[in-house]
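Can you make the complete structure from the sequences, with help from the hints?
For reference, the chains in residue letters:
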Amino acid sequence: MIIFFLKFLTNLRSELLTIFRYYHEWIYPLLFLILAIILFPLSISADPILLKKISAGIYWVVVLFLVLLMLDQLFRNDWKEGDLEQLILLPNELSIVLFIKLLVFCLVICMSLFTVTPILSLSLFIPFIALKTLYLTILLGTPTLIFLGGIARALTLGLPQSGLLIILIIIPFYIPVLIFASSAVALASLGLSANGPLAWLGVLMILSMSLAPLVINKILRLGIAFA
Amino acid sequence: MKSVLTVEKLSYERNNRVLFKQLTFQLFPKQILHIVGENGSGKTTLLQLLTGLRTPLSGKVMWNGIAIEKNNINFTDNLLYVNHRLGMKSALSPTENLYLCLARRNLIHKQSKREAIHAIHQILDQLDLKEYANTLLTQLSSGQQRRLSLAKLLLIKADCWILDEPFTSLDSAGIAFLSSLMEKQSARGGVIVFSSHQAMYSFSLEIKKFFLDVKS
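Protein sequence lines correspond, in order, to chains A and B.
Heads up: the first sequence is residues 1 to 227, going by this note's numbering.
Heads up: the second sequence is residues 1 to 216, going by this note's numbering.
No wet-lab data here; the hints were simulated from the structure.
Some clues are possibly wrong.
Stated by the list, open to error - Reference listing, derived: stretches of chain B covered by chain A, where coverage requires no fewer than 3 residues with Cβ under 8 Å from a Cβ of chain A: (1) 41–53; (2) 56–69; (3) 89–95.
Unchecked claim - Far from chain A, by Cβ distances over 10 Å, these chain B residues were calculated: (4) Phe25; (5) Arg104; (6) Glu131; (7) Asn134.
To be verified - Computed from the model, here is a short list of chain A residues facing chain B with C-beta under 7 Å: (8) Thr18; (9) Arg21; (10) His24; (11) Glu25; (12) Pro29; (13) Glu81; (14) Ser95; (15) Lys132.
Think of the CB as a built atom: it goes at the ideal place given N, C-alpha and C, for glycine as much as any other residue.
Below, the structure is given as structure tokens:
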């Protein structure tokens, strides 16, 4: 048990170090999100009543774009450097390391969204009462997006131009998350209870977080990436 | 004596071109197999088949008499595979990388962290990389990265080495060092399979050779 814990920590530490040393890879998508959300009210109109109706949808569509932009980087360096190959050759390691890799990716996106959301919600006129729900949707929604995206990424790993293919594969699976998340925020900004959609987001998160690493493990072992 | 690594009737095709058909050989402890072939002759593919990264069209690879898919844990515990890729994270330093490698193979519990780091530093010293112990891998030259990939061979005891073109971009001192490592491994009773496009390397040991042709 202690060995497992130590292994988990060592892996977690090196993934965190990797992602923070390559910070430029996630800073640019984040800047894109900030710009897109700030430019929206400027180009439509700063009418609070109109924005209140559509802000939740806008916010979540842009978050989805951010995740799609970042998916291409997921596993790419590990694959190029051969780290993934070495992991495939260790029978009991791959699932847990994949889980850690995806988790660290989620942490980075969630944390950066958490820091910018209060300011961005002002520009979109997302009411203060809905802010808590917005945070909850980020916390419950982005892991689903990333863990599911990991499956598409693993399927397209060996291909030279995989960006478009990933988007085609993964968009249908993202629609439910988008609907539940934006409807939760919309309900909350009307002062209604958003527990229903949030519960569904939670279900999707638990399912994807627990099953996706196992699926990715199988996909990588099939050797599609080598063909 | 029983053969350790056995290949039985292995066939593989790539882009509708047969790379090899009904390939059969056995490797006994202390033996070294050198696969010689031009670029594109399928050396890397053959080595990937031997590690289990690729699955063959027909035939099987066996470790200690059991197919590697069934004997997965025993085989991979005893396998070190080095190829043209780094096999490490370029955002980490050599020390961090090798420590991670030990942790992933469950080799930390026998020794405390400080001892493990000490052992890593000694190995880096042997490879003349001591002053780069805490430099990120991206800042090392390709020759230095190459030498670093040999560190795993020193760090982890494994009975089967599969090395894909291990001599490329090594200087003459590096080549001599790797040859001596391979001789030691063979004396310990391990098997080595390695590939290159040159047929000649000066070894004091006898090695099996095996030529792959490019024919359509």
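We went through each hint and held it up to the structure:
Counting residues of the segment 41–53 of chain B whose C-beta sits closer than 8 Å to any C-beta of chain A gives 4, which meets the bar of three, so the coverage hint holds. Coverage of the segment 56–69 of chain B by chain A is violated in this model, with 0 residues showing a Cβ closer than 8 Å to a Cβ of that chain against a need of three. Counting residues of the segment 89–95 of chain B whose CB falls under 8 Å from any CB of chain A gives 4; the rule of at least 3 is met. With a least beta-carbon separation of about 21 Å from chain A, Phe25/B lies farther than 10 Å from that chain, consistent with its non-interface assignment.
Once the 10 Å rule is applied to beta carbons, Arg104/B is inconsistent with being away from chain A; the minimum gap is 5 Å. Here Glu131/B stays apart from chain A, with its beta-carbon at least about 20 Å from theirs, past the 10 Å limit. Under the 10 Å C-beta cut-off, the non-interface status given to Asn134/B relative to chain A holds; the minimum distance is some 12 Å. Taking 7 Å as the C-beta cut-off, the interface hint given for Thr18/A holds, the closest approach to chain B being about 4 Å.
At about 4 Å, the closest approach between the beta carbon of Arg21/A and any beta carbon in chain B falls short of 7 Å, and the interface hint on this residue holds. Proximity of His24/A to chain B is violated relative to the hint, the smallest CB-CB distance being about 12 Å (cut-off 7 Å). Look at Glu25/A: its Cβ only gets to about 10 Å from chain B, farther than 7 Å, so that hint breaks. A hinted interface residue such as Pro29/A counts as satisfied when its beta carbon comes closer than 7 Å to some beta carbon of chain B; here the least separation is about 18 Å, so the hint is violated.
At about 5 Å, the closest approach between the beta carbon of Glu81/A and any beta carbon in chain B falls short of 7 Å, and the interface hint on this residue holds. A hinted interface residue such as Ser95/A counts as satisfied when its beta carbon comes closer than 7 Å to some beta carbon of chain B; here the least separation is about 13 Å, so the hint is violated. Against a cut-off of 7 Å between C-beta atoms, the interface hint on Lys132/A is violated, since the closest Cβ of chain B lies about 36 Å away.
Hint compliance for this structure: hints 2, 5, 10, 11, 12, 14, 15 are not met, and every other hint is.
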